[in-house]
Structures are given as C-alpha cells and as structure tokens.
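Keeping their order, the protein sequence lines are chains A and B.
In short: position in the first sequence from 1, add 25, done, that's our numbering.
In short: position in the second sequence from 1, add 98, done, that's our numbering.
By construction, these hints were calculated from the structure, which means they are not laboratory data.
Note that the Cβ used here is the ideal one computed from N, Cα and C, for glycine as well.
Where hints are given, some of them may not hold.
Said to hold, decoys possible - SDA-like cross-link-like pairs, simulated, lysine to any residue; straight-line CA separation at most 25 angstroms:
| # | chain 1 | residue 1 | chain 2 | residue 2 |
| --- | --- | --- | --- | --- |
| 1 | B | Lys220 | B | Asp246 |
| 2 | A | Lys57 | B | Lys459 |
| 3 | A | Lys70 | B | Leu571 |
| 4 | A | Lys77 | A | Phe64 |
| 5 | A | Lys70 | B | Ile585 |
| 6 | A | Lys77 | B | His489 |
| 7 | B | Lys308 | A | Pro46 |
| 8 | B | Lys428 | B | Lys542 |
| 9 | B | Lys577 | A | Lys57 |
| 10 | B | Lys327 | A | Asn76 |
| 11 | B | Lys189 | B | Gly442 |
| 12 | B | Lys459 | A | Thr43 |
| 13 | B | Lys336 | A | Met44 |
| 14 | B | Lys269 | A | Phe41 |
| 15 | B | Lys579 | B | Lys269 |
| 16 | B | Lys153 | B | Leu571 |
| 17 | B | Lys336 | A | Met53 |
| 18 | B | Lys308 | A | Phe64 |
| 19 | A | Lys77 | B | His504 |
| 20 | B | Lys577 | B | Met151 |
| 21 | B | Lys175 | B | Asp510 |
| 22 | B | Lys308 | B | Asp401 |
| 23 | A | Lys77 | B | Arg101 |
| 24 | B | Lys120 | B | Arg101 |
| 25 | A | Lys35 | B | Asp303 |
| 26 | A | Lys70 | B | Lys542 |
| 27 | A | Lys57 | B | Gln150 |
| 28 | B | Lys327 | A | Met53 |
| 29 | A | Lys77 | B | Asp510 |
| 30 | B | Lys542 | B | Pro468 |
| 31 | B | Lys434 | B | Lys397 |
| 32 | B | Lys308 | B | Met461 |
| 33 | B | Lys153 | B | Ser124 |
Stated by the list, open to error - Computed far set for chain B versus chain A, every beta-carbon distance over 10 angstroms:
| # | residue |
| --- | --- |
| 34 | Asn134 |
| 35 | Asp188 |
| 36 | Glu195 |
| 37 | Glu253 |
| 38 | Met304 |
| 39 | Ala420 |
| 40 | Asn500 |
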Amino acid sequence: MSKKVESNIKAYGNNFTTMTPGPLAIAMRTCKIWQLIRFVVINIKMIIVVNKSH
Amino acid sequence: MARLVVLGGGVSGHTAATFAAKWLGSAHEVVVVTPNSKWNWIPSNIWVGVGQMSKEDVTFDLAPVYAKAGIIYHQAKALGIHPEGNETSDKPYVVVESTIDGEDGKIENIEYDYLINATGPKLNFAATPGLGDANGLGEFTVSVCTADHAVHANEELEKTIVKMKNGERQKFLIGTGHGLCTCQGAAFEYIFNIEHELNKAGVRDMADIKWISNESFLGDFGVGGLHMKSMGFAVSSKIFAESLFTERNVDWIIGAHVNKVEKGKVHYELLSGEMGEEEFDFSMLIPPFAGVGLKAIAKDGTDITATLFAPNGFLKVDANYAAGAYENWKASDWPKTYQNPTYGNIFACGIAFAPPHPISKPMSSPNGTPINPTPPRTGMPSGIIGKAVAHSICDRITKGENAPLHEASMADMGAACVASAGKGLFDGTAAAMTIYPVVPDFDKYPGTGRDTDYTFGEIGLAGHWIKHILHHLFIWKAKLKFGWTLIPE
Ligand SMILES: Cc1cc2nc3c(=O)[nH]c(=O)nc-3n(C[C@H](O)[C@H](O)[C@H](O)COP(=O)(O)OP(=O)(O)OC[C@H]3O[C@@H](n4cnc5c(N)ncnc54)[C@H](O)[C@@H]3O)c2cc1C
Numbered sequence: 026m027s028k029k030v031e032s033n034i035k036a037y038g039n040n041f042t043t044m045t046p047g048p049l050a051i052a053m054r055t056c057k058i059w060q061l062i063r064f065v066v067i068n069i070k071m072i073i074v075v076n077k078s079h
Numbered sequence: 099m100a101r102l103v104v105l106g107g108g109v110s111g112h113t114a115a116t117f118a119a120k121w122l123g124s125a126h127e128v129v130v131v132t133p134n135s136k137w138n139w140i141p142s143n144i145w146v147g148v149g150q151m152s153k154e155d156v157t158f159d160l161a162p163v164y165a166k167a168g169i170i171y172h173q174a175k176a177l178g179i180h181p182e183g184n185e186t187s188d189k190p191y192v193v194v195e196s197t198i199d200g201e202d203g204k205i206e207n208i209e210y211d212y213l214i215n216a217t218g219p220k221l222n223f224a225a226t227p228g229l230g231d232a233n234g235l236g237e238f239t240v241s242v243c244t245a246d247h248a249v250h251a252n253e254e255l256e257k258t259i260v261k262m263k264n265g266e267r268q269k270f271l272i273g274t275g276h277g278l279c280t281c282q283g284a285a286f287e288y289i290f291n292i293e294h295e296l297n298k299a300g301v302r303d304m305a306d307i308k309w310i311s312n313e314s315f316l317g318d319f320g321v322g323g324l325h326m327k328s329m330g331f332a333v334s335s336k337i338f339a340e341s342l343f344t345e346r347n348v349d350w351i352i353g354a355h356v357n358k359v360e361k362g363k364v365h366y367e368l369l370s371g372e373m374g375e376e377e378f379d380f381s382m383l384i385p386p387f388a389g390v391g392l393k394a395i396a397k398d399g400t401d402i403t404a405t406l407f408a409p410n411g412f413l414k415v416d417a418n419y420a421a422g423a424y425e426n427w428k429a430s431d432w433p434k435t436y437q438n439p440t441y442g443n444i445f446a447c448g449i450a451f452a453p454p455h456p457i458s459k460p461m462s463s464p465n466g467t468p469i470n471p472t473p474p475r476t477g478m479p480s481g482i483i484g485k486a487v488a489h490s491i492c493d494r495i496t497k498g499e500n501a502p503l504h505e506a507s508m509a510d511m512g513a514a515c516v517a518s519a520g521k522g523l524f525d526g527t528a529a530a531m532t533i534y535p536v537v538p539d540f541d542k543y544p545g546t547g548r549d550t551d552y553t554f555g556e557i558g559l560a561g562h563w564i565k566h567i568l569h570h571l572f573i574w575k576a577k578l579k580f581g582w583t584l585i586p587e
C-alpha cells in the first residue's frame with residue numbers, strides 16, 4: 026500500500042517534497058479499536074478548547 | 099417592553115435569538131426576520147452534495163421552533179435599516195420584504211430597540227463571469243453552499259459517475275472561484291468526499307481530480323495556516339494538506355484567481371502573474387462572499403449605508419479598520435463586542451460583521467490582482483459571537499443601558515473544526531482540528547501566532563464519528579430540544 030501512495034508522487038512536481046503515509050499509518054486511520062481511543066482523546070482536546078473559548 | 103430584532107436565522111442569528119428569548123422571557127419581544135422557512139445545518143450540505151444525505155436530513159421547519167421559543171418570526175428578507183426612525187417618528191426600524199409564497203414583495207416596517215445583523219454572506223457568484231447565476235445554480239459549475247445547491251451538485255456528480263462507468267474519463271476541478279474567496283474548508287471537504295465516493299463507485303481510476311484555490315500555500319484555509327504538534331514537532335498545516343492530497347492522488351493549483359468560467363474551462367491568474375486555463379467535466383467552485391446589501395437611511399432620508407457598512411457590505415463593528423499594512427496588524431484589531439460604533443443599539447454577529455482585515459497575509463500578482471483568502475468565520479466562532487451579543491443586549495434591556503458588554507474576540511477564542519474527507523461508519527475519515535486562537539497573536543505566541551498546546555489536528559475514522567455526532571447534536575440544539583443549552587456552540 027505504501028508503494029501505491031508513493032507512486033502518486035511526481036518527480037519534481039507539486040508533491041515531490043511532501044511526506045506520505047505508509048501502510049501502518051493508513052491502516053490505523055480506520056482501525057476501529059485505535060480510533061475509539063482517538064475518539065476519546067480528540068473529544069477531550071476539543072472540549073478543553075471549547076471551554077477556553079466560552 | 100423592549101424589542102430585539104434579529105436579521106438572519108442562520109447559525110449565528112438563530113443562536114442569538116434563541117438565547118435572547120430564553121433569557122428575556124415573555125417580558126420582552128424577540129423577533130427574527132429571515133427569508134427561508136427552513137433552518138439548514140450548512141456543514142452537512144457536503145454530504146448532500148455527494149448523495150450521502152438528503153435535503154430533509156440537513157434542514158427543518160423554523161416556524162414550530164420559534165413558536166415554542168416564543169419568538170416572533172417573519173419569513174422575510176431585510177432591505178434596509180432606519181437607525182434614527184423617520185420624519186414622523188424617532189423610533190428606529192427595519193424595512194423587510196416578505197418571502198412567503200403568495201405574499202412575495204409585501205413590505206413591512208418593524209420597529210426595534212436593539213438590532214442584530216446576522217444576515218451571513220451574499221454568495222457573490224456575479225464577481226466571476228460564468229461562475230453562476232443569481233441562484234448559484236450556474237450553467238458550468240455547481241455549488242454546495244445551500245441545501246438546494248448541494249442537491250443539484252449531487253445530480254451532476256451522478257451523471258459523471260454514469261459516464262465513467264461507460265468508459266468516459268472525467269476531470270474534476272474543485273476549489274475557490276475568485277481570488278478573494280473564503281471557506282476553503284468546505285471545498286476541501288467536498289473534494290475528498292467526491293474522491294471517496296468515486297472509490298466506492300469503483301470509478302476512481304477513471305477520474306482526474308484537481309484542486310484550485312487562492313491560498314498561497316496548501317493548508318492556509320484563510321487563517322494563514324496553522325502549526326500542529328505532531329510526533330514532537332510543530333508541523334505546518336501545509337505538510338499535512340500536501341500529504342493528504344498526495345495520498346489521495348489529488349493535484350493542486352494554488353495562488354489562483356479564477357477570473358472567468360466557461361463551459362468546461364476556467365481561466366485563472368496566478369500570484370506569479372502567469373495566466374492559465376484548466377479544463378473540467380465537473381467543477382464546484384466556492385463563490386466569494388459579500389454582505390447581503392442592506393441599505394441604511396438617516397432620519398431625513400439620506401443614504402448612510404457607508405456609515406454603517408464597510409464597502410464589502412458587512413456591518414462595521416468595534417474593530418480597528420485603520421490597521422493598514424500586514425506588518426501593523428495586531429490581535430487587538432479584531433472586534434470584541436460587535437457593537438456598531440455609530441449606533442450603539444446595533445450589533446452584528448457571524449459572517450455579517452466586517453472584519454478589520456484578512457488573517458492570511460495579503461498578496462497580489464505583479465498585475466496588481468489581489469489573491470489571498472478573506473477571513474473565515476466558521477460555525478463555532480459565529481455561534482459564540484451570536485451568544486455573546488445576545489447576552490450583552492439582554493443585560494442592557496434588563497440591567498440598564500450602561501450594562502457592560504460581553505466580549506468574544508476571535509483573537510481570544512479557539513475553534514474546533516472537523517473537515518470530512520469521506521463519509522462511512524467504518525471507512526469514513528475526517529480531519530479533526532482545533533485552533534487556538536483563531537486569529538494568530540504573534541505577540542503572545544511568537545513564531546506560529548498560536549498556542550501549540552491547544553492547536554492540533556489528525557485524520558481518521560474518529561474524526562468522522564465526531565462530525566456525524568455533531569450533525570445530530572447541532573440539529574438537536576437548533577430545534578431547542580431537551581438540554582439544548584448544554585450543547586456548546
Ligand atoms: C458548504 C459549507 C460547509 C461548511 N462547513 C463548515 C464546517 O464544517 N464547520 C464550520 O464551523 N463551519 C462550516 N461552514 C461555515 C458555516 O456554515 C458558517 O460559519 C456559518 O453558517 C455562519 O453563520 P452565519 O449565521 O453568519 O451565516 P448563515 O448561517 O449563512 O446565516 C445567515 C442567515 O441570514 C439569512 N439572510 C440572508 N439575507 C438576509 C436578509 N436580507 N434579511 C434577513 N436574513 C437574511 C440567510 O437566509 C441565513 O439564514 C461551512 C460553510 C459552507 C458553505
């Protein structure tokens with residue numbers, strides 16, 4: 026999968042200097058258990074910012 | 099008995115009116131003037147635009163909600179403000195025109211003690227030739243700015259999917275339709291939702307998808323970009339945005355002022371001064387925003403629109419409009435109370451207030467064409483400002499004319515933003531972001547202008563779940579259902 030994303034890079038094109046995710050990073054984005062944990066973490070972070078803003 | 103009139107029943111005006119009605123009770127009147135019979139949760143229009151939600155899912159009837167809240171509702175659009183009354187009365191009033199079927203064009207005057215302008219943006223399609231007609235349903239491009247636009251966008255999208263299934267390659271061009279657009283976030287969401295849907299339809303390999311925008315770097319989003327803590331680094335949103343575009347195989351053109359749209363082609367000018375053309379089969383370009391064009395008239399009938407409103411049609415408030423060049427900009431230029439400096443009983447909230455200047459650094463091409471995002475006023479700041487303004491007015495009504503005003507500066511306020519990158523209970527993703535403060539304060543936070551302890555972002559399924567929950571939560575809140583006041587703006 027990482028090869029697939031890397032193959033989107035065009036040598037000396039717009040995206041030649043950017044970072045691209047590997048297969049693990051991509052899989053974790055929709056890994057349900059990991060995302061449940063992230064769900065809790067992101068909610069806590071957002072609530073803190075929301076509270077700071079009111 | 100005092101009367102508060104709120105012009106506009108969108109995110110900001112609805113928040114202001116409903117809180118004011120709750121705080122004032124039946125001792126005073128709250129009146130809402132808004133042209134639509136339905137309330138629209140605009141962020142979910144993106145999902146209507148890719149056929150994942152219906153218009154009914156993102157809208158509801160306003161009349162029963164206002165009846166429940168004890169708010170007097172006029173389905174009408176405001177035309178003008180008479181802040182000094184007229185020759186026969188000193189009482190200020192607004193002139194409104196009914197938009198009810200069968201009553202179209204009926205004019206009425208509504209007197210007020212306090213006025214909130216929350217009329218949001220005029221979608222200024224006319225600024226770019228060929229971008230759209232007065233309804234935004236242009237011949238050549240589509241829009242997702244209203245629920246009806248999004249329904250139309252999805253119909254056009256479906257046609258392209260049929261074509262691709264029949265072996266015809268299609269080119270998608272999504273972004274901003276003018277050098278001075280804001281709302282890049284909505285276009286960002288739409289491009290990745292389209293990409294996600296094309297994947298699901300099995301036609302992704304038949305599609306070329308390209309971004310075009312007025313940002314000087316990808317990930318600017320009209321807020322000059324943001325730095326997020328990641329893996330021990332403070333990383334620019336440029337890196338994250340470029341990474342996502344590359345991963346999803348979406349090419350980009352940035353620093354572009356689209357100056358003309360034709361059938362299947364846009365013409366643009368770059369920050370470098372270079373002119374270019376880009377062809378498309380399907381295009382969604384966000385129009386630039388302006389004020390809705392309210393007039394202001396003095397007691398003697400003279401036009402004082404320029405006193406109340408900035409040239410872009412947004413209402414002047416307590417901002418520093420004389421900040422001048424970028425180098426002089428300060429966080430303190432941004433308004434705190436949203437009170438009009440000339441008429442103390444007029445306030446603005448949400449997109450309707452005139453910002454002092456952009457947030458992104460102003461830029462122009464060598465030909466003198468300005469190409470830079472104008473400042474966004476997203477849902478959370480719009481809601482918070484609406485509530486603060488309502489609070490100020492309620493205090494003035496109940497505690498006296500000199501009650502102190504509540505403050506809600508975008509330079510002191512953060513925003514939580516969840517940008518969908520594809521809908522799906524288990525395969526959806528969204529970029530969940532917080533930014534603090536919205537307007538960078540380089541004196542307080544030298545370098546990035548923001549507190550990187552409270553500015554973060556990450557993409558994943560969790561973000562999608564949050565976005566979906568927020569959809570239901572905000573519609574619940576807007577319908578004033580049980581516990582609505584506990585849901586933050
Ligand atoms: C497609 C899209 C997606 C978005 N996604 C997000 C998101 O994910 N997160 C986020 O935070 N923000 C998002 N936004 C931005 C968000 O919708 C705005 O910040 C918010 O709607 C601004 O609130 P407002 O009350 O100022 O304007 P609006 O919500 O537009 O309300 C203005 C109201 O005034 C009414 N009006 C217009 N003219 C008149 C008149 N003459 N008299 C009386 N009333 C009038 C309008 O009909 C409308 O009801 C998105 C915007 C778009 C277009």
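Satisfaction of hint between histidine 504 of chain B and lysine 77 of chain A, Cα-Cα up to 25 angstroms: Roughly 15 angstroms separates the two Cα atoms, so the pair holds.
Between lysine 579 of chain B and lysine 269 of chain B, is the straight-line Cα distance small enough, at 25 angstroms or below? Not OK: lysine 579 of chain B and lysine 269 of chain B at ~44 angstroms, beyond 25 angstroms, violated.
Holds or violated: lysine 77 of chain A to histidine 489 of chain B, with C-alpha atoms at most 25 angstroms apart: 18 angstroms, holds
Compare the distance between the alpha carbons of lysine 189 of chain B and glycine 442 of chain B with 25 angstroms, and conclude whether the hinted pair is satisfied. 14 angstroms, holds
With the threshold set at 25 angstroms, check whether the alpha-carbon distance from lysine 70 of chain A to isoleucine 585 of chain B stays at or below it. Holds, at roughly 16 angstroms.
When you check the alpha-carbon spacing of lysine 336 of chain B and methionine 53 of chain A, does it fall within 25 angstroms? 22 angstroms, holds
Hint consistency between lysine 308 of chain B and aspartate 401 of chain B [alpha-carbon to alpha-carbon, up to 25 angstroms]: Violated, at about 45 angstroms.
What's the verdict on lysine 542 of chain B and proline 468 of chain B, does the C-alpha distance respect the 25 angstroms limit or exceed it? 29 angstroms, violated
Keeping to a limit of 25 angstroms between CA atoms, is the pair of lysine 308 of chain B and methionine 461 of chain B held or broken? Measuring from Cα to Cα gives roughly 23 angstroms; hence the hint holds.
For the pair we were handed, lysine 57 of chain A and lysine 459 of chain B, check the Cα-Cα distance against 25 angstroms. Status violated; Cα separation ~40 angstroms.
Quickly compare the C-alpha distance for lysine 434 of chain B and lysine 397 of chain B to 25 angstroms and report which way the hint goes. Given pair lysine 434 of chain B, lysine 397 of chain B is violated - Cα atoms ~29 angstroms apart, limit 25 angstroms.
Quick one, are lysine 577 of chain B and lysine 57 of chain A close enough, alpha carbons at most 25 angstroms? 32 angstroms, violated
Of the numbered hints listed earlier, those contradicted by the structure are 2, 9, 15, 18, 21, 22, 23, 30, 31 and 33.
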